[in-house]
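Note that the protein sequences, when read in sequence, are chains C and Y.
Using the working numbering, you'd call the opening residue of the first sequence number 1 and step up by one each time.
Using the working numbering, you'd call the opening residue of the second sequence number 253 and step up by one each time.
To be clear, the hints were calculated from the coordinates, so they are not data collected in a lab.
In this text, all values refer to a predicted model and were calculated from it rather than measured experimentally.
Among the hints, a few may not be true.
Rough simulated footprint, nothing fancy, chain Y against chain C, three-plus residues with beta-carbon under 8 Å [as the list claims (entries may be wrong)]: (1) 117-125; (2) 154-165; (3) 174-180.
Listed next, with one range per pair, are the computed distances between beta-carbon atoms [said to hold, decoys possible]: (4) C/Glu90 - Y/Asp284: 28 to 36 Å; (5) C/Ala244 - Y/Glu322: 43 to 51 Å; (6) Y/Lys353 - C/Ala30: 31 to 39 Å.
Backbone N, C-alpha and C fix where the C-beta goes; we use that ideal spot for every residue, glycine too.
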Amino acid sequence: MAFVLALVLALPCAGEAAAADRRSGSDFMAPETRAMQADDMSNPAMLWVADGEQSWHRPEGAAGRACATCHGDATRSMRGVAARYPAFAEATGRPVDLSGRINLCRRTHQPAPPFASESRELLALTAYVAYQSRGMPIAPPQDPRLDPFRANGGALYERRIGQLDLSCAACHDARWGQQLGGSVIPQAHPTAYPLYRLEWQSVGSLQRRLRNCMVGVRAEPYAFGAPELVDLELFLMGRAGGMALETPGVRP
Amino acid sequence: MRKRPFATLALIVGMGQAQADDALAPFEVVGDAIARPLTGAAGDAGRGERLLLDRRRSLCLLCHSGPVAEPHAQGTLAPGLGGVGSRLSQGQIRLRIVDMKRLDPATIMPSNHRIDGLERVAAPYRGQPVLTAGEIEDIVALLVTLKE
């Protein structure tokens, strides 16, 4: 009896890929796109990483401090950091994603005006910081203060929205690997952000990707930086715990 | 025989707003079919084909495949539409396009002629069904001809 119960509890919910069956979005890509991501010389997102490295060392704000002034060598100090974001921010009493964390440092530590969402500067710095964790397993923080926000992200993921009345789960848990028009539906693991999307002809954030999926079902997307988007990011990173970070990725 | 109260209600409510003017046509469901055309007249299969091919508008080929377009750009989330004209009657096809959720509340197929029970609909689509009554009739007219 106890055994059967344990088995039932261990089963993933409807269609969700079991841990062993989790696959990065890059697994579903055409060989050319995979090759573009794998080779730093041909991966367009590496230009953003290079820009980010320059900003890291550039003094800014009234006190003329660079990120490097406090954090030193990013290849050491930022190693593994992106793998555990979003994390709880004392300052706001809520989870903050990596871009949000960087903007907190801009505002409170440099201090300088925060970068606009999706600005080239913010994407570049975020890509540079996340790049320091490339290849490392995603390690969601075991912080109970995050639990209610992660649960909210999970509820948003299951909720049907938009004129087409579809939930994220309907596509990404129940129908991954199948085709929506000409596109293969991935499992929605946020392993490679910020990433270069061929359709965007640019690097974009995970929030931009989530908003795209909302627009796709003809729903009103949450604004950049909205708590709902951070909660979704938190949920998705938890779901992808243990998978390798690929930043900066390339997607179709 | 059941009348659909929401459709009628929405029609009445919608009359005040210019853009939602006759957004929904009333219809009558009998069994698993809507026997009578929503517009009172048969649609045009040629227009239906153009609409089906316009994936961003009709959306059908995002999920379905059909004998009308390049196969690689078609969906695999739903049964192929080829042969649907032999499998289903005209009235059965009409109900499935209008509101598949009446047959299976858990379906992923959008209710194309219904505006209630939706959350966070983007502004341009608010109060609007996915397809107008005329568009649905055009697609029905096409699908009944897909015999194999």
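So, going through the hints one by one against the coordinates:
1. Counting residues of the region 117-125 of chain C whose CB lies closer than 8 Å to any CB of chain Y gives 0, so the stated coverage by that chain is violated, three being the minimum.
2. Counting residues of the region 154-165 of chain C whose beta-carbon sits less than 8 Å from any beta-carbon of chain Y gives 7, enough to reach three: the coverage restraint holds.
3. Counting residues of the region 174-180 of chain C whose beta carbon lies closer than 8 Å to any beta carbon of chain Y gives 4, which reaches the threshold of three, so the coverage claim holds.
4. Evaluation of the 28 to 36 Å hint for C/Glu90 and Y/Asp284 yields a failure: the beta carbon distance comes to about 58 Å.
5. For the pair C/Ala244 and Y/Glu322, the beta carbons lie near 35 Å from each other, so the given range of 43 to 51 Å is not met.
6. Our hint of 31 to 39 Å for Y/Lys353 and C/Ala30 holds, since their Cβ atoms are close to 35 Å apart.
Figure legend: structure checked against the earlier numbered hints; hints not met, in rising order: 1, 4, 5.
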